[in-house]
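**Student:** Residue strings, one per chain:
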Amino acid sequence: MGCGAVGSLFAAHLSLLDDAEVWAFDLNELHIAAMNRDGLRLSGAGELVGSPRGTSDAAAIPPCDFGIVATKAMHTEAAIAATAHAFTDGYVATVQNGLGNEETIAGHVDRVIRGTTFPAGKLLAPGHVQWDVKGDTTFGPYDERTPLEEVEQLADACTRAGMPAAAVEDARGPQWRKVIFNASTNPIGALTGLTHGRVCERPDLRALVTGLVDEGKAVAAAQGIELDADPEELIDHAAKPEVAYDHKASMLQDVEARRPTEVDYLNGGIVRFGAEHGVPTPLNAAIQALVKGVEASWMQS
Amino acid sequence: MTSVVVAGAGSIGSLLAAHLAKVADVTVLTRREEHAAALREWGLRVSGRSDFTARLDATADPAALPDAELAILACKGTDLEPLAVRLEGTLSRATLMTIQNGLGAEDVVAAHGDWPLLSSVTFMSGTRHGDAHVEYVLDTATWIGPYRGTSEEDARRVAELVEAGGLKAEAFADLRPAQWSKLIFNATVNGVAALTGLPHDFHFAQTDEPSDLGILVRDLVDEGKAVAAAAGVELHDDPWAMNVLATERGHRHFPSMLEDVEARRPTELESINGALVREAWRLGVDVPLQTAVYRLVKAREASYSE
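Top line first, the protein sequences correspond to chains R and X.
Per the numbering used here, residue 1 is the first one in the first sequence, and the count goes up by one each step.
Per the numbering used here, residue 1 is the first one in the second sequence, and the count goes up by one each step.
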């Protein structure tokens, strides 16, 4: 559900498996028509043409064993509300950014799988996705209604299809590491106009990033979440010239194109969980308010 | 009549020069000779809340300035240092008055001559529509106080002159309470406007939801108040109340820092937000949010070269 860059990576790969029938649901009818006509093409980090069955009509989706939600976080509610009928007996995983997607999905289906994924790309043309970055995916049960064995089946299918995935008992560690990374760097790029590398090489901004990271770590710790790695390492790694120095954060791309951002699910999520666990998050709240202000400014003219 | 020099003819300088020209001999010091020539030839037209054309003298050459009694330095904060350098050795009889936003303008000027100094802050605003035309937008007051070698009485005389010209002015024995009120207001409102692209409108006073901008604005103001308290300054006005009042006027004001950022010009960040944050550090007051806003706008300026 949601067949932008990340959704297309999963759909195209999984459709190559002999033992899977894959449906791709997206409201972009040109994209769906192109993939049904010519296949779903990936190029860049790997070249392949998949053949998922595309549809923009949620009612056309038959009962499925697994679903993967890959929309932007603000579209989770609409996507799962439209497709929940297909998962009465199945499991629905999220590979989205931010916090709160699992809760939203669980409002419509019983068995939910938490997921975090690192591959990235962009939609080049209808039916054609550029695959920029390879990366791992981690899945874990959202609550006790989802047994780990089912999660392992999904992870195994992804791995066999060429999208390496692991099933773990508690997938919150990788999720919070990625959320903290995104919440601490994306909005800084969006507010200043600087690429990831330029944000990190300014000591004053890098200190601000660390202030945001520390708040996120404190909120994770208060919930008993063990991060699988330090987000600071990911931030410094990404700042290297050969990795993502020149990368404009997706939120900066959103702001430049005047599209709604995911700030409510990144910094807003950290603030919300912080409030629930009594951890102050003044910097994340400030950053959320500033980015919301940027979005509000588009309504002015 | 009193002889007055107004150095810098942006919107504030133009408003002062035109109104003072009704009651004083005014000479405008410009940076560009064609600007001075336009003022000499056409006069200076004021529209908006006033409607008249002032006749005044103008020059781009500091050596050609008259031996004035009062000189108002009305350039932007970022242009003050070069202006003070140009004025070295001139205006030997004059009292100089700064009107820049933020902190530290008086000391910049003091380093370049031993003139008696007045400081002032202004809340009026205008929009320049060309070298010889300024629109008078907000008719709020200019506050004046002594700084170096001057008294409250000197401040009062200048305030009376400004009032006689048709603008609003008030004299203070100590300007710091008013200056700090405006400093905290400007650091907060200008910084948030520059980062969000929002003019100073209702969003800045909205406090219903936790992520509403007004909550951040209030938190930023509270940090500023803590710095003022540590500096021993009792504020003249509550910057939060100033903020709410300004948003209720229904006039969507575009703070200069927002205009500067959109035009990719250097901003007055250092003399406003930088001054506040440095005072906080000096006094040992923790201001994480003001520091974040300061760093973000500074980085935004650095992005101009991207």
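Please keep in mind that the hints were generated in silico from the structure rather than gathered at the bench.
Just so it is clear, the structure is predicted and the values come from calculations on it, not from any experiment.
Heads up, the beta-carbon is just placed ideally off N, CA and C, and yes, glycines get one too.
Please note that a few of the clues may not be correct.
Pairs of lysine-lysine residues, derived as BS3-like cross-links and limited to a Cα-Cα distance of at most 30 Å, are as follows [said to hold, decoys possible]:
id: 1; chain 1: R; residue 1: K248; chain 2: X; residue 2: K298
id: 2; chain 1: X; residue 1: K225; chain 2: R; residue 2: K240
id: 3; chain 1: R; residue 1: K72; chain 2: R; residue 2: K240
Facing chain R, from chain X, some residues (calculated, C-beta under 7 Å) [stated by the list, open to error]:
id: 4; residue: L83
id: 5; residue: L195
id: 6; residue: L198
id: 7; residue: H203
id: 8; residue: A205
id: 9; residue: S211
id: 10; residue: L283
id: 11; residue: V285
id: 12; residue: L289
id: 13; residue: A292
id: 14; residue: R295
id: 15; residue: A299
id: 16; residue: R300
id: 17; residue: S303
id: 18; residue: S305
Non-contacting residues of chain X with respect to chain R, defined by C-beta distances greater than 12 Å in every case (computed) [claimed, not checked]:
id: 19; residue: R32
id: 20; residue: E33
id: 21; residue: E41
id: 22; residue: R128
id: 23; residue: T140
id: 24; residue: K168
id: 25; residue: F204
id: 26; residue: P210
id: 27; residue: Y294
id: 28; residue: K298
**Student:** Okay, which hints does this one fail, numbers in order?
**Tutor:** Checked against the structure, the hints that fail are numbers 2, 4, 8, 10, 11, 18, 25, 26, 27, 28, while the rest are satisfied.
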